[in-house]
Amino acid sequence: MRNFLSKIILIKFFIFINLTGSLLSNTIQPGPLSYEEIQKALILSKPGDIIELGEGIFEFEDGLSLDVNNVTISGEGINKTILSFKNQKSGAEGLMITSNGVTLKDFAVEDTIGDAIVVKGANGINFLRVRTEWTGGPKESNGAYGFYPVQSTDVLIDGCIAIGASDAGIYVGQSERIKVLNSIARYNVAGIEIENSFYAEVIGNISEHNTGGILVFDLPDLPQQGGHHILLENNIVRNNDTENFAPEGNIVGNTPNGTGIMVMANQFVEIKNNEIKNNATAGILIASYQDEAEDKNYNPIASNIFIHGNSLINNGFNVDKIRASPISEVTNGKVPDIIWDGVVPFIEWIGLRSSQRIILGDNYSDSDTPIFANLKLMTKYLISSLHKVDTNYENYRGELNPIRPVIFEKD
Amino acid sequence: MKIFFKILIIFFLSVNSLRAETFSLLSEYNFFQDIKSQVPNKGVIPYHIANPLFSDYTYKFRFVSMPDNSVASYNHEKVFDFPIGATIIKTFAYPVDDRNLKKGFQLLETRLLIHKKEGWIPVSYIWNDNQTDAEIKYIGKTIETSWIDKNGISQNVRYRVPNINQCKSCHQINKVIKPIGPKGRNMNLDFLYKEGQKNQLEYWEFNERLTNLPKRKIPKPAIWDDESFSVSERARAYLDSNCAHCHREGGSAGNSGFYLSLEQNDGVALGIRKRPVAAGRGSGGMAYVIDPGKPEHSILLYRMASTDPGVMMPELSRSLNHKEALPLIYDWIKEME
Chain A
19 MRNFLSKIIL IKFFIFINLT GSLLSNTIQP GPLSYEEIQK ALILSKPGDI
69 IELGEGIFEF EDGLSLDVNN VTISGEGINK TILSFKNQKS GAEGLMITSN
119 GVTLKDFAVE DTIGDAIVVK GANGINFLRV RTEWTGGPKE SNGAYGFYPV
169 QSTDVLIDGC IAIGASDAGI YVGQSERIKV LNSIARYNVA GIEIENSFYA
219 EVIGNISEHN TGGILVFDLP DLPQQGGHHI LLENNIVRNN DTENFAPEGN
269 IVGNTPNGTG IMVMANQFVE IKNNEIKNNA TAGILIASYQ DEAEDKNYNP
319 IASNIFIHGN SLINNGFNVD KIRASPISEV TNGKVPDIIW DGVVPFIEWI
369 GLRSSQRIIL GDNYSDSDTP IFANLKLMTK YLISSLHKVD TNYENYRGEL
419 NPIRPVIFEK D
Chain B
28 MKIFFKILII FFLSVNSLRA ETFSLLSEYN FFQDIKSQVP NKGVIPYHIA
78 NPLFSDYTYK FRFVSMPDNS VASYNHEKVF DFPIGATIIK TFAYPVDDRN
128 LKKGFQLLET RLLIHKKEGW IPVSYIWNDN QTDAEIKYIG KTIETSWIDK
178 NGISQNVRYR VPNINQCKSC HQINKVIKPI GPKGRNMNLD FLYKEGQKNQ
228 LEYWEFNERL TNLPKRKIPK PAIWDDESFS VSERARAYLD SNCAHCHREG
278 GSAGNSGFYL SLEQNDGVAL GIRKRPVAAG RGSGGMAYVI DPGKPEHSIL
328 LYRMASTDPG VMMPELSRSL NHKEALPLIY DWIKEME
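Going line by line, the protein sequences match chains A and B.
Take any residue in the first sequence, count from 1 to its spot, add 18: that is its number in this note's numbering.
Take any residue in the second sequence, count from 1 to its spot, add 27: that is its number in this note's numbering.
Simulated from the structure, these hints should not be mistaken for lab results.
Positions of the beta carbon are idealized from the N, C-alpha and C atoms, including for glycine.
Hints may contain errors.
Facing chain B, from chain A, some residues (calculated, C-beta under 8 Å) [to be verified]:
1. 159
2. 162
3. 163
4. 168
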């Protein structure tokens with residue numbers, strides 16, 4: 019009997035080890051079998067598990083995916099643990115996350131054939147010190163997005179780096195409650211893009227050498243639209259001097275070369291205390307959606323855009339004449355740092371209604387020419403003989419309630 | 028002593044619940060009389076659907092197993108409501124020679140969707156080299172193989188067995204896993220049973236496997252390669268079965284706002300003059316998903332005709348072009364105004 023019992027204890031112990039094995043640290047190292055090992059760990063993981071990846075270059079031919087809640091994938095450093103998809107043969111992206119509360123930290127995803135990291139429909143996703151990069155420099159054949167959370171909530175991107183995306187380095191689409199903090203975006207078409215999203219803060223990032231530094235867009239014909247409550251604060255948006263290399267047809271393909279910050283068709287956007295420097299077309303561009311849209315629920319015109327406390331230095335020195343032709347047509351010589359296209363609903367244009375569109379607080383500029391221009395494109399298109407650009411800053415001076423900090427649901 | 032006994036019970040219970048979920052070998056389910064030739068056991072019904080998903084020219088052998096005395100309930104536009112305990116079985120295979128099927132098949136994988144109380148569980152079994160049985164595999168596999176096609180040409184293929192996440196990405200709607208094929212409008216076809224040729228719906232009803240079959244006449248489904256249907260009917264049928272499992276509200280591509288199910292009537296949602304959103308180089312430099320009258324300027328056709336993993340659609344289940352379907356989509360877009 020005693021013998022029998024001790025056998026059970028032994029078996030039990032053995033099972034205990036097996037069941038808890040995943041809780042013990044078991045770092046996966048790069049090697050010929052590492053794809054299977056990682057994908058297996060991702061599939062068999064349980065909520066709370068940490069999947070640790072060792073230092074070195076992991077080479078994969080197929081995409082990876084995770085669909086278990088609250089799992090952490092952790093490398094040994096943003097430049098130390100590298101998932102390389104240079105020879106990718108299948109899968110439209112490098113890493114696909116479809117579960118809630120996942121944390122990705124301390125690794126890099128390189129040279130994926132499509133997007134680098136896609137997160138779909140997640141409640142809670144944390145990217146901490148993760149890099150996505152196409153190592154061959156800006157190229158049309160690079161994947162579209164580096165960081166690509168979509169239809170998600172409570173999105174945190176902190177301390178990340180995005181390089182070389184042919185659409186946006188850090189892109190958050192159709193999501194709600196978003197923080198993009200302390201990150202760097204370089205050599206993408208769009209450095210950071212918040213699209214069709216609600217309640218976002220973009221704070222303390224550096225966006226440089228892209229075509230456009232930070233874009234806040236809203237587009238028609240999508241399940242979630244009407245982007246609103248976006249705060250852009252304390253970002254450095256400089257030297258955005260990479261020629262637009264987006265494949266044609268994509269909306270970011272319209273981003274003028276050398277755009278600092280661009281807002282299109284959003285409501286309640288606060289652009290505060292940013293350093294915006296050396297952007298050839300414009301420092302800040304506020305525009306309406308220009309293409310025809312049949313979507314009756316779509317509002318193509320921006321409103322309640324509050325711009326204050328920014329330092330605007332040496333922008334608008336060489337306008338992209340193709341993508342920003344309205345700017346180059348209506349201004350001579352140096353372009354003001356802040357440009358608004360001046361498109362409003364017709365009823366507003368004829369003066370039967372008014373609403374807050376652009377609100378300017380104090381902004382610093384080194385230029386002795388006007389800082390701001392309303393291009394008044396409505397007038398230009400409708401009665402061109404009356405058209406005159408309005409550069410009177412004081413006409414737009416005002417105050418708007420600050421946008422409140424984003425609070426995640428779990429906080 | 029008591030505690031050990033308890034632990035023992037807990038242990039057996041937990042092992043049992045795991046076991047109940049899945050077997051490690053396909054043969055253990057006892058679905059087949061002759062597993063190698065895919066001859067089902069009594070009570071396991073073979074079936075086919077009007078418009079199957081193109082999967083690199085594989086043949087698919089479909090079966091459903093339902094617990095004794097249980098029935099599925101008919102839905103026309105949605106998948107039948109299957110009873111708990113039902114399993115949908117699908118084996119993927121290449122013919123040795125597509126000109127002469129008598130030469131047999133190379134069985135690649137058998138996918139199961141098992142209907143549990145907690146929902147549908149997807150699982151795939153990969154066939155061994157001797158083709159005597161198939162073993163469970165959660166993480167997918169790449170199978171490099173070849174077959175002789177209908178024109179007598181040997182075709183190489185890098186066939187991908189999907190991992191469980193990839194299974195979900197097509198089978199999930201609003202995060203709930205469901206079968207895709209066996210819906211009423213896809214099942215109203217004849218099948219050659221060992222008892223003879225019969226309509227599938229009538230056969231299921233006669234054998235007490237299907238209930239709530241409507242009294243009215245159920246329309247015959249358009250079949251994508253049956254030229255007795257119009258180009259538009261055929262194209263929509265093809266797009267429904269090859270795209271709409273993701274391209275629908277709540278599907279994996281729900282974020283695109285581009286929806287291709289047969290029930291979709293909104294032009295922009297169907298892609299007509301819809302601009303690409305997150306397509307990247309998938310746009311191929313074109314402005315619209317479908318540019319009416321101009322198939323060569325339509326992203327839809329461009330992505331269907333690509334085999335670059337960063338461009339092609341569907342993203343899964345395909346590494347080769349479906350040469351026979353491309354002209355159909357071309358003609359459909361061409362005849363639009």
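Self-check item: Cut-off 8 Å, beta-carbon criterion: hint that residue 163 of chain A touches chain B
Solution: holds, 7 Å
Quiz item: Is the interface hint for residue 162 of chain A satisfied, with its Cβ closer than 8 Å to some Cβ of chain B?
Solution: OK, holds: residue 162 of chain A within 8 Å of chain B, min 3 Å.
Self-check item: Interface hint for residue 168 of chain A, Cβ within 8 Å of any Cβ on chain B
Solution: holds, 5 Å
Exercise. Identify whether the interface hint at residue 159 of chain A stands, where standing means a beta carbon of chain B within less than 8 Å of its own.
Key: With a closest approach of 6 Å, the residue 159 of chain A hint holds.
Checked against the numbered hints listed earlier, the structure breaks none of them; every hint is satisfied.
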